[in-house]
Amino acid sequence: MFCDIVDEPLELEPLIRAVRTGAMGGLVTFVGYVRDRSDDDRPVDGLSYEAHRELALEALRAVGAEAETRFGPARVAIVHRIGELGLGEAAVAIAVAAAHRAAAFDACEYAIDELKRRVPIWKKERYVDGESRWRENAG
Amino acid sequence: MRVRVVPFARIREIVGSPRLEREAPDGATAGDVWNGLALEFPALDELAASTRLVRNGAFVDSAAALGDGDELGLLPPYGGG
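These protein sequence lines are chains A and B, in that order. Counting in my numbering, the first sequence runs from 1 upward without gaps. Counting in my numbering, the second sequence runs from 1001 upward without gaps.
Note that these hints are calculated values from the structure, not bench results. Keep in mind the model is a prediction, meaning the values are calculated, not measured. Quick reminder that beta carbons are idealized off the backbone N, C-alpha and C, glycines included. Hints are not guaranteed to be accurate.
Stated by the list, open to error - If the Cβ cut is set under 10 angstroms, some of the chain B residues that face chain A in the computed set are:
(1) Phe1059
(2) Asp1061
(3) Pro1077
Input sequences plus hints: build the corresponding full structure.
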């Protein structure tokens, strides 16, 4: 398992390399990008992310470990970026490899759902009009 | 005793600082320190039920006792992903 919190732009390739083995026939990736509109349709200029780094890494590793066993054996890589992100930049990248596709899809969805729920990372939306607002995940 | 308070994200903005030092009576709990801050900063009220408390790097509930020099992290609802 490979989990990290980084300050630089995300690349998917290293995550894919980290999870692929000869036994893995299916590989699923998820990338979360900064959208140009908020959920309530305000024009967005960018996002600011921050983390409790130590606890976020701990929680990411726990989520990763669960995703690697819950749906059958899988290998999981999760990297979240923090700092100032512009439109179209990737905030989170996940790669999951498993023997077959069903486990890889399920484990990838589990990983992003649990990340949003359990990992102490915060997001502030900056709007084109100059305002900004902290956005919380549901649940 | 003295306690160092480390607020994150929205809470940090409300209190206006990434680190606060507060005096607390011996035997004070994490919840006592939170309640004291909520008196100072009434905008914290709406976060009382949803904020997670971290004592020296580990999650605790509001009844957890604090000691001199302890660090109390205040984590509002998460927004990662």
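Hint check:
no. : hint    : in the structure
1   : Phe1059 : 8 angstroms, holds
2   : Asp1061 : 16 angstroms, violated
3   : Pro1077 : 4 angstroms, holds
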